Amino acid sequence: MMINVTPQIQLKEDELHFQFILASGPGGQNVNKVATAVQLRFDAVHSRSLPEDVRSRLLKLAGNRLTKEGELLITAKRFRTQERNRQDAIERLVALLQKAAEKPKPRRITKPSRAAKQRRLDEKRRRGEQKRARRPVTPLSD
Numbered sequence: 001m002m003i004n005v006t007p008q009i010q011l012k013e014d015e016l017h018f019q020f021i022l023a024s025g026p027g028g029q030n031v032n033k034v035a036t037a038v039q040l041r042f043d044a045v046h047s048r049s050l051p052e053d054v055r056s057r058l059l060k061l062a063g064n065r066l067t068k069e070g071e072l073l074i075t076a077k078r079f080r081t082q083e084r085n086r087q088d089a090i091e092r093l094v095a096l097l098q099k100a101a102e103k104p105k106p107r108r109i110t111k112p113s114r115a116a117k118q119r120r121l122d123e124k125r126r127r128g129e130q131k132r133a134r135r136p137v138t139p140l141s142d
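If you're matching positions, the sequence shown starts at 1 in full-length UniProt numbering and goes up one per residue.
Calculated directly from the structure, the hints in this document are not laboratory data. Nothing here was measured: the structure is a model prediction, and the numbers come from that model. Where is the CB? At the ideal position from N, CA and C, for every residue including glycine. There may be inaccurate statements among the hints.
Ranges between beta-carbon positions, derived for each pair [said to hold, decoys possible]:
id, residue 1, residue 2, range
1, K131, E91, 13 to 21 Å
2, N64, N4, 26 to 34 Å
3, R135, R65, 41 to 49 Å
4, K111, N4, 26 to 34 Å
5, T110, Q19, 48 to 56 Å
6, D14, E102, 20 to 28 Å
7, T138, N64, 16 to 24 Å
8, K111, N64, 49 to 57 Å
9, R119, S24, 48 to 56 Å
10, D122, T75, 52 to 60 Å
11, E52, A115, 42 to 50 Å
Here are the simulated DMTMM-like cross-link-like pairs (lysine to aspartate or glutamate), alpha carbons at most 25 Å apart as the crow flies [as the list claims (entries may be wrong)]:
id, residue 1, residue 2
12, K103, D122
13, K99, E13
14, K111, E69
15, K68, E123
16, K33, D88
17, K12, E83
18, K99, E123
19, K12, E91
20, K111, E83
21, K68, D53
22, K103, E71
23, K105, D88
24, K99, D43
25, K99, D122
26, K68, E91
27, K60, E83
28, K60, D14
29, K77, D14
30, K105, E69
31, K33, E83
32, K12, D88
33, K99, E69
34, K99, E52
35, K33, E15
36, K68, D122
37, K68, E13
38, K111, E123
39, K68, D43
40, K68, D14
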């Protein structure tokens, strides 16, 4: 089965590895017996589904969710059932991949306008005068 991330990017479900673990939180008596939390592992470094530019942005976005081996690790334990947590983990992975797929807007180099420079200098002058007015007055000596 394929998971659609963007019109250009689809993930094969066999690229995702799920592990079910015990979860803290809601679940009543089941919380100590049933492994409902999900750890999703996605090998971001070696995935053939990702274009190189998206991969590099994903590795930056992943932060501490990335293992030393280059696997993206997402833990989902919000819900009480394995299936809902599994779906939640997939949705979070897709959201992260969609964010990585957005091309950053190029920075256009600009200069401050002459009016902006003048406002800055006027404000600096006003601040200096304000501070000078706070100084104690020294008496004139004969």
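### Task
List in ascending order the numbers of the hints, as given earlier, that are violated by the structure.
1, 3, 4, 7, 8, 12, 14, 15, 18, 20, 23, 25, 27, 30, 35 and 36
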